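**Student:** Dock chain to chain to rebuild the complex, using the hints, since each chain is given by itself in its own frame.
Chain by chain, the residues run as shown.
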Amino acid sequence: MNEKKQNISRNTFLYPSLKDLRQRRWVTLSFWIVIILGIPVWLKLAYPARYTLPLEAMSNIIQDTLSNLKMTSNVKLLHVPDQAMVVEKIQSIWNEEPMSSIYSVRIVNESVDADYFVDLANETSATHWEGRTLRLHWKKNDDTLEAANEVVNKLWDIFGSEMQEYDYRLSVLKHELSPNLPMLNEDKRVVPYSPRYHILLSLLVGEQYDHLITWPLKEAFQKHFAPVLQQLSPVAKFHVESQIQFSVDDAPVRIEPDGTKRIAFDDLPRIVNNFGKFLPPSTNADEPTIHFAIYIPSFPLQPLQLEDQTRQPIPSNSMLLPQWGSIYTVNIANSSVSALEPEQLELSFHIFARDLLLLLGASHVQSWKLNAFLLDRLMRQRIVESSMKTAESLSGLARLIRFIPNMAIPKEVQALALKTIQLLEKSREALHYNNLKLVLKYTNDAFSTSQKTLFHPSMVTMMYFPDEYKFGVYAPFFGPLLLPMIVSLLRDIRYYLKIRFKKQTHSTDESR
Amino acid sequence: MHLRSLRSIVSTVLLFALFFTKCTAESTHTNNWAVLISTSRFWFNYRHIANVLGIYRSVKRLGIPDDQIILMLADDIACNPRNMFPASVFGNADRALDLYGDDIQVDYRGYEVTVESFIRLLTGRVPENTPVSKRLLTNENSNILIYMTGHGGDEFIKFQDAEDLSAHDIADALEQMHQHKRFNEILFIADTCQANSLYKHIYTPNILAVGSSEVGTSSLSHHADTDIGVAVIDRFTFYNLEFLETRVDIKSRLTLKDLFDSYDVNLIKSQPGVRTDLFHRDLSQVLITDFFGNVRDIELNAYENVSFLQESSPENKLTVFSPANDTGIVYPRATSSNTQNDTAELLTSSSILGDSKIHKFSPFLALLTVFLFPVLLLRSKR
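Chain order of the listed sequences is A and B.
Heads up, this note's numbering is the position in the first sequence plus 5, with the first residue counted as 1.
Heads up, this note's numbering is the position in the second sequence plus 8, with the first residue counted as 1.
Isolated chain B (complex conformation) (with noise of 0.2 Å):
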């Protein structure tokens, strides 16, 4: 037998090997990120914003970098005129941890928090000068928490007061973000009233969904502070919270399944529900860590053989093969974004009448014409 045709089988056989297995417990994904958002506005909104400020202190201490999440926040709390502990925010009476602290890096905040900001923060779709720290970089190998939290409804959530988005366009965005690779999986979080009916239009693979009550039904407060005077968190947010602080640290192992075993009805004081047909892996294989905490391999193996260190660096007169004539090194920077000049003549130039805000005057101003007309035509008559 040759040497050679043994090989190919074992190698041939083993790809097969490799193509047809299924794997169902590893997790795919190389990095994880989070986008926390608070919808809601106003001071009787307090426990909103102690909402997502509770989950972005869990998602930070389970290891998630602040590069990696991207807070939305009216921000209007911490230094509201009614707080009675200025550039404070506590997520609990007994005001043990101030949740707002010294080192939170808001990304999105007060106006800028709006649907269309969201969905371009989903999509990629962000305008040409965003800074880094306000898009979504995410991989196909990118794990996403989304938690969204504020005053929602049957299909939609409130927009701080002026505009909603529906689960529609939640389900649109998302499954924009699968064509383009977006995400490895997302685990979709909603603390609002009738939140299990924000999933419901969800069709992309690979996003497990919870939702904090059933349709009809309302999201109810924890407790309020007698101090501060409004309601500080949600009884949904509490509890996983209490899960997340009491019992799952880096390296857990607890998984997604313990997290929903222990939502007790009777102290949320509504009906949770979790979406898993879309999602490919079993929860009970789910880490917490999958999406709460964040993926630092590090590679060691590629450091037994050192014994590269003792050569010596090349000359500067290339020999091996002829150089490029470019150095490719450049030192400091002078302007930034030199490769979009061509595009940019074309993006300026773009037409007026293109802009959607004209439209939304264009009927008015035709009945204004529709109505006047006929006055001017009577008034001359007399």
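Extracted from the complex, chain A is given alone in its bound form (with noise of 0.2 Å):
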């Protein structure tokens, strides 16, 4: 039985019938039909999505923004002596002066659409803000010239730093200048840009106390700080909460000869990283965390006084670390002191509402109070970061996608990219009308948009064959397998044309 069916398959391979051959031929087929159906749907399913972006607008945005950026602002002159000599002559002084192409400011006769107004009737008091108005302190002088110059140089003080501020963020943006300058101030200081904060007021309460202290937070809060955020709501919003920590590891402490105690400037450091157990950053990425902290020391240790570089007590008994947030020193009366008094949370209300407006971008602030040129600086000074930063954000975008061909770019990239320019377009218009809320509310939701474009998680996919894997898996994988089958088709066809061209034969040998 055994031999025979040997013997029959043998035949059917040596001699084979019609059908068998048909079979085969099926066989081969079928193998070809799989590849050839098979590979564009393969090949349709392993690139990863790749949506299209417009890069060339992208590519283009940094100039387009920084062309579109111009801020004004119109200042009207009250009060000046001798009229309209002096007011022209300062006109044309301050005309002479460089102004940034972001920001100028302008001298106007007109009162209507002035934004702020200096009066020039002050002799007594220091300079200073009123509302809209800036009362500024100059000497009076018979030269019209020279009044003209003195009234230009104060202005200058006042207006100027702000325009050159913005021409060297330009600079900067331009690669114009060179890598290895240092680094302003206000750059070292200021908090990471964000249209959100969260900060976190701690109570810290040292070592050595048997009882708890408490402080009365929340009518101090609202009394001292709840205005300073409300009147700070255009720049950012604010999510704040509070903590109370005890048994804090107290800071080291070096004992004078006259007795009282002091922090050595070389330790301040050690303090911020012996707190930083209990000043955690934010728990949200978005929203950077600044930090305000009360410390008071153990009773044994107090009357402690921070000191500076000079060995001198520091008068406000604070210190600020850059970027992130100040730390302020309280002394209490005696061991059982159960609560701080409510004086001593103003003071330290006021410190930390004067400290945030210097981590937030305002320099030389003399005092925490807001007025409304400080606050139109900060907007405007975040409307240029946050424009500049999405212009940035994109174009890096767009370079990195041209320079990756294999990288995925899913529908919700190209979505995200799509409104990002479309919120830039919108802040382009609303600054035809100088609302500068709403222009900064435009670039945040632009700038938090393009980041979230940026860093989209799913751009880490590329094609998952690299060059490598196709000669060394892919190529002995396929190579082998496409062997048998090629042969096997040459030998059908060649089977195929055998019999055609038999057929061929076959009809002329009869029809002669």
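In short, the hints are calculated from the structure, not lab data.
Here the structure is a predicted model, which means the values were calculated and not measured.
Treat the hints with care, as some may be off.
[Stated by the list, open to error] Heads up, simulated DSSO-like pairs for lysine-lysine below, C-alpha to C-alpha not over 30 Å straight-line:
| # | chain 1 | residue 1 | chain 2 | residue 2 |
| --- | --- | --- | --- | --- |
| 1 | A | K416 | B | K142 |
| 2 | B | K189 | A | K442 |
| 3 | A | K228 | A | K242 |
[Stated by the list, open to error] Reference listing, derived: stretches of chain A covered by chain B, where coverage requires no fewer than 3 residues with Cβ under 8 Å from a Cβ of chain B:
| # | region |
| --- | --- |
| 4 | 28–34 |
| 5 | 317–331 |
| 6 | 392–404 |
| 7 | 455–462 |
[Stated by the list, open to error] Just a few of them, taken from the derived set where beta-carbon distance is under 10 Å, the chain B residues facing chain A:
| # | residue |
| --- | --- |
| 8 | L295 |
| 9 | D298 |
| 10 | L373 |
Don't be surprised by glycine CBs; every beta carbon is placed ideally from N, CA and C.
**Tutor:** Here it is, written out as structure tokens:
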């Protein structure tokens, strides 16, 4: 039986019937059909989705943004001593000053469209802002030219630093500066840019207390700190939390010969590292944390004073840590105190409010009180910064996409990129109406969206067969497989051609 | 001469001077981060965990806080059944210092240490819900120390016996970081076999790279502990740690040139390499604490004028300018991530076909059908 089967199978191989031949042909063809149909489907699935982005627009976005970013402020002079001539002189001298291409200040004659007023009648008190009016303190002079020069110099002190800062940032953006320049103090100090911040108010109580010390936070916060945050709301949103930590490791203290207890300047960073356990970074990556901490040392270490580099005590007994926050050291009256005094909290909130302004980007702030000009300046700074950062992100993304042709670009990234460009255009339109709050809202949204676009998690996916895999894995894998298939296909084709040829010769024979 | 024109001339001259001076000595970073990764697992790679933990301790001692250190370990040594000293990892046979201790913070542990998570960490493209402790939140003013140890070869480093990271991918990831302004300067240290090949393909400026051995040679371990039974530290890391622990403290002014000059080829028994062509500063002016320590500038000149302390608070009724309608103050947060609701939907509806895992199986599926189809045909004949 076996032998018969073997004979039959060998016979079908050596002497195939027509049916066997057809079946064999179908078998070979079926392999090839699967390959021909399957490979395009496989390739279509294998290539990660790469939606088109407006790369041209994104590459040019820095130029577009900068050319459209033009802010102006109009200043009207009040109580000018000798009306017409001096005003004209002041205007002509002022117009020769180098204005930034992003922001310029004009001295106008009509009070209708003036943003700020400068009152020149003031002679007694120092220069200060009252609402939108600047009471300028200057030395009166009979000579109109000298007077005009003096006024222009004073105005430049107030308005000029902002323009110079924007010029500097513009040069940095265009890579016109040497990369090894020392940084601006502001850049070292200011918290990383974000439309939202998380503020953590901490009370850190030293080790050697046998009872709890608290603070009347809610009332003091509502009275002294909340108004500042409310006034800053066009600039950024704040999410405030508070905590109390007991038994905190005390700072290293040096006792002077006359008995006063000081923390040396060199030890100040160590305090921060000690407190670092209790002052965590934000839990939300989109909201940088700003820490404001009140530290009550253990009673044996009181009264504790912080020292500066020259070994003099710091009047405010607090230190500002750039990009982080500030710590204020409070000394209490006696060891049985169970809560901080409201006056102590008021003082601490004044310090914190002032530090907050410094950390947000205001410079040369003498007081914690906000004025309209400072608020506008903060808004302008943030408009410039968010616009530049958004444009940089988009053009960086365009560069990256061009550089890595295999990278996946999912649909979300396309949607986010288009939304970012749309928001930037909206902010440009809003700029025409000089509505700083609206412009800042649009540029903040554009910034958040651009960050989401740039750091989208799925842009790490690439084609999963790199070059070395093609030669090392796929070639030895598919090569030997293809060999019998090609051979059988060729054999079939040859046989088919032979039959066709035979048919033709037969037909020609028969026709004869 | 007008006062105004004199002032403007002086200011323009000063501005020009500022724009064109080249200050090479001062470092311009404001914070320091460290990414410390050991890429191997299993008991016999004890020394790689000990390497990383030794560097981790040094870096913490020199001031970098835990929030700014990303520690990636397989973390399977301390509680390994073969560990004679449970919950301890020692870097020295004298067992004087327990590197594991009780306050280390491992950010990526076990099977989370993969090539993908490492690249995502560096480029910032982490998944949406990644906690802050697992993100590298650097900016353009951050100096980063990247220390990698494990088993490596010519232009690759092995990750947990399952995959490898090539030198090209490292270079591309660093370039992306540069494009997205995620660092000021990077010090890249690799302690693996043939480590010098890992930094060969880097093309991004401001990166200083150090490798422990030349191409074709191995990095050797230093010594073994007879009780633990395996080697406990590698030579290159051992001599680096010796330098850091004995000669460097927070206020040290020692430079990287001093560190690199201290390498003794006879002791390390391999040829360490340093790549400086991409680094614009002179090594003799780069402090070790520029990378291993942390910058904590305290600003006190803000307090010179403290007259503001005597001012009184504003009243709640704001007469200065109109208050915004929204207070901008948010009391306790109800839900997290309330800004991502518009993109969350888009993310969850991404097509399954876009997932790379399916793609890996599709050739096998194709082959399966290719073989099954004729078999079915043949069977029908009988």
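**Student:** If a hint holds in the structure, say so; if it doesn't, say that too.
**Tutor:** Checked hints:
{"no.": "1", "hint": "A:K416 with B:K142", "result": "holds, 26 Å"}
{"no.": "2", "hint": "B:K189 with A:K442", "result": "holds, 28 Å"}
{"no.": "3", "hint": "A:K228 with A:K242", "result": "holds, 19 Å"}
{"no.": "4", "hint": "28–34", "result": "holds (count 3)"}
{"no.": "5", "hint": "317–331", "result": "holds (count 9)"}
{"no.": "6", "hint": "392–404", "result": "holds (count 4)"}
{"no.": "7", "hint": "455–462", "result": "holds (count 5)"}
{"no.": "8", "hint": "L295", "result": "violated, 15 Å"}
{"no.": "9", "hint": "D298", "result": "violated, 14 Å"}
{"no.": "10", "hint": "L373", "result": "holds, 9 Å"}
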